[in-house]
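A.B. asks: Protein sequences, first through last, are from chains A and B.
If you count the first sequence from 1, you need to add 109 to reach this note's numbering.
If you count the second sequence from 1, you need to add 332 to reach this note's numbering.
Please keep in mind that the hints were generated in silico from the structure rather than gathered at the bench.
There could be a bad hint or two in this list.
[Said to hold, decoys possible] Residues from chain B shown here face chain A by an in silico Cβ test under 7 Å; the list is partial:
id : residue
1  : 439
2  : 443
3  : 445
4  : 446
5  : 447
6  : 494
[Said to hold, decoys possible] Dumping the calculated PhoX-like pairs for lysine-lysine here, alpha-carbon to alpha-carbon at most 25 Å:
id : chain 1 : residue 1 : chain 2 : residue 2
7  : B       : 491       : B       : 388
8  : A       : 127       : A       : 178
9  : B       : 388       : B       : 340
10 : B       : 426       : B       : 340
11 : A       : 190       : B       : 426
12 : A       : 127       : A       : 157
13 : B       : 340       : B       : 432
14 : A       : 157       : A       : 174
15 : B       : 388       : A       : 190
16 : A       : 190       : B       : 491
17 : A       : 178       : A       : 190
18 : A       : 157       : A       : 190
19 : B       : 455       : B       : 491
20 : B       : 459       : A       : 178
21 : B       : 455       : B       : 340
22 : B       : 426       : B       : 458
23 : B       : 459       : A       : 190
24 : B       : 455       : A       : 178
25 : B       : 426       : B       : 459
26 : B       : 455       : B       : 426
27 : A       : 178       : B       : 340
All C-beta atoms, glycine included, are put in the ideal place defined by N, C-alpha and C.
Residues per chain, in single letters:
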Amino acid sequence: MNSRLLKEWTQLNKNGNKYYLCPIEENDMTHWQSEFEGPNNSPYRGHKFTLYLDIPSNYPMSPPKVRFKPYSMPHVNVDWKTGAVCLDILESMWSPIFNLQYVVESCLRLLTEPNGESPLNLELGILLRVSDHTGYNGLINYYLNHPHNSLSSK
Amino acid sequence: MVNNRRRKSNQLILGITLAIGIGTSCYYLWKSLQNGEDRKISDTPIKDATNDKRNKSRCVVVTSSVIDTMNVIPWSQLLEDEEDLVLIVIPSCKDRFHLKLDPRFAYKVIRCDTVLGVWSCIKSLKKQELYVNLEEFPDGERNMPDDIPRYVPHITYWKNEKDILTTFPI
Numbered sequence: 110m111n112s113r114l115l116k117e118w119t120q121l122n123k124n125g126n127k128y129y130l131c132p133i134e135e136n137d138m139t140h141w142q143s144e145f146e147g148p149n150n151s152p153y154r155g156h157k158f159t160l161y162l163d164i165p166s167n168y169p170m171s172p173p174k175v176r177f178k179p180y181s182m183p184h185v186n187v188d189w190k191t192g193a194v195c196l197d198i199l200e201s202m203w204s205p206i207f208n209l210q211y212v213v214e215s216c217l218r219l220l221t222e223p224n225g226e227s228p229l230n231l232e233l234g235i236l237l238r239v240s241d242h243t244g245y246n247g248l249i250n251y252y253l254n255h256p257h258n259s260l261s262s263k
Numbered sequence: 333m334v335n336n337r338r339r340k341s342n343q344l345i346l347g348i349t350l351a352i353g354i355g356t357s358c359y360y361l362w363k364s365l366q367n368g369e370d371r372k373i374s375d376t377p378i379k380d381a382t383n384d385k386r387n388k389s390r391c392v393v394v395t396s397s398v399i400d401t402m403n404v405i406p407w408s409q410l411l412e413d414e415e416d417l418v419l420i421v422i423p424s425c426k427d428r429f430h431l432k433l434d435p436r437f438a439y440k441v442i443r444c445d446t447v448l449g450v451w452s453c454i455k456s457l458k459k460q461e462l463y464v465n466l467e468e469f470p471d472g473e474r475n476m477p478d479d480i481p482r483y484v485p486h487i488t489y490w491k492n493e494k495d496i497l498t499t500f501p502i
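Bound conformation, chain A alone (with noise of 0.2 Å):
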């Protein structure tokens, strides 16, 4: 068992886990998942969501494979249909000295501070790009609270 996961386990029970950062199994360090609520600042507002994170068996020095759950965040860095994460410190700029709460911190971040220059989304992407402040909420806000999304193969 990776020793660096059980240190940082420990120290998520030891501080208060208040991103419900955790394996998914109990015996099982490969596999975690965290639940968080939207920022107030965003358009996320009132909306809970689950991040899953994938450890390589080379963790640290490899960053986890990181996804929010399919169909459920309509973000510009995020694919709709996968869920994947397109973040700098999961791709080139990864550290070893980064932690799992680290990167659920910056997935958290993303939600308040998208970046318009990697979209996965492309229709956010444009509204991003062309300041529509407000057609870029009401498209996010439809989407979270359209009862099929969770279904849906778009």
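Assemble the complex: chain A is given as a structure, and chain B must be docked to it using the hints.
C.D. replies: Relative to chain A, chain B alone:
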């Protein structure tokens, strides 16, 4: 000999009577089945049409003429009743389009600051039907992007209020 001929004649009459009887029965049987079929056929579209309306996914672009129908067409009711209807409001109308809408359905109205944003919302939502009056878009922005039909299979181009009332009869 005579008896023989009479017997044959009787058999012939019996045969013809039986044939006519069977023929008539078959005709009436076929006719009654046909009526049943007709009833089934004529029932189906009405039922489907009702289902269609509830299941259809539609996107309406709100321009001036849509605002003019606000006193006639119960837009709030439509948004509450129709599962998959969304209204996208163009920039020049976003402050003029106010509905008394149950907050649970408010998400079905998307206001935009830009025309480019309107088209992005339409592409993202990928509804089955789009209703739009391009003539009421701002000058220089009345052309629909070429790729919109790839995202929405059925597009209805409204020209005036009458067209809207035809689509959404009261």
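A.B. asks: The structure should be examined with respect to each hint, and the outcome stated for every one.
C.D. replies: Outcome of the hint check:
1. For the restraint placing residue 439(B) at the interface with chain A, the shortest Cβ-Cβ distance is roughly 4 Å, inside the 7 Å limit, so the hint holds.
2. Given the 7 Å rule on beta carbons, the hint for residue 443(B) holds: about 5 Å separates it from the nearest Cβ of chain A.
3. Because the beta carbon of residue 445(B) sits about 4 Å from the nearest beta carbon in chain A, less than 7 Å, this interface hint is met.
4. Because the beta carbon of residue 446(B) sits about 4 Å from the nearest beta carbon in chain A, less than 7 Å, this interface hint is met.
5. Interface restraint check for residue 447(B): the shortest CB-CB distance to chain A comes to about 9 Å, outside 7 Å, so the restraint is violated.
6. With 7 Å as the threshold, the beta carbon of residue 494(B) stays out of range of chain A, its nearest partner Cβ sitting at about 29 Å, so the hint is violated.
7. Distance hint between residue 491(B) and residue 388(B) is fulfilled; the C-alpha atoms sit about 22 Å from each other, no more than 25 Å.
8. Simply put, residue 127(A) and residue 178(A) have alpha-carbon atoms about 19 Å apart, close enough for the 25 Å limit, and the pair holds.
9. Under the criterion of a C-alpha separation no larger than 25 Å, the hint pairing residue 388(B) with residue 340(B) is inconsistent with the structure, at around 69 Å.
10. Between residue 426(B) and residue 340(B), the direct Cα distance comes to roughly 93 Å. Violation of the 25 Å bound is thereby established for this hinted pair.
11. Of the pairs offered as hints, the one joining residue 190(A) and residue 426(B) is violated, with about 30 Å between alpha carbons and a cut-off of 25 Å exceeded.
12. As the CA atoms of residue 127(A) and residue 157(A) are separated by approximately 13 Å, the hinted pair is consistent with the 25 Å bound.
13. For the given pair, residue 340(B) sits about 88 Å from residue 432(B) by alpha-carbon distance, which is inconsistent with the 25 Å threshold.
14. About 20 Å separates the Cα atoms of residue 157(A) and residue 174(A), which keeps this hinted pair within 25 Å; it holds.
15. Distance check on the hinted pair: residue 388(B) and residue 190(A) sit about 22 Å apart at the alpha-carbon level, within 25 Å; holds.
16. As the CA atoms of residue 190(A) and residue 491(B) are separated by approximately 37 Å, the hinted pair breaks the 25 Å bound.
17. A distance of roughly 9 Å separates the Cα atoms of residue 178(A) and residue 190(A); the hinted pair therefore holds under the 25 Å criterion.
18. Our distance criterion of 25 Å between C-alpha atoms is met by residue 157(A) and residue 190(A), whose separation comes to about 18 Å.
19. The hinted pair formed by residue 455(B) and residue 491(B) meets the criterion: a straight-line CA distance of about 22 Å does not exceed 25 Å.
20. Our distance criterion of 25 Å between C-alpha atoms is met by residue 459(B) and residue 178(A), whose separation comes to about 23 Å.
21. Distance check on the hinted pair: residue 455(B) and residue 340(B) sit about 82 Å apart at the alpha-carbon level, beyond 25 Å; violated.
22. Between the alpha carbons of residue 426(B) and residue 458(B) the distance comes to roughly 22 Å, so the proposed pair stays at or under 25 Å and holds.
23. Taken as a hint, the residue 459(B) and residue 190(A) pair is honoured in the structure, with Cα atoms around 17 Å apart against an allowance of 25 Å.
24. Straight-line distance between C-alpha atoms of residue 455(B) and residue 178(A) comes to about 23 Å, which keeps the hinted pair within the 25 Å bound.
25. For the suggested pair residue 426(B) and residue 459(B), the alpha carbons sit about 21 Å apart, so the restraint of at most 25 Å is met.
26. Only pairs whose Cα atoms come within 25 Å are accepted, and residue 455(B) paired with residue 426(B) is accepted, the gap being roughly 19 Å.
27. A hinted pair counts as satisfied when its Cα atoms are at most 25 Å apart, and residue 178(A) with residue 340(B) does not qualify at roughly 87 Å.
Checked against the numbered hints given earlier, this structure breaks hints 5, 6, 9, 10, 11, 13, 16, 21 and 27; the rest are met.
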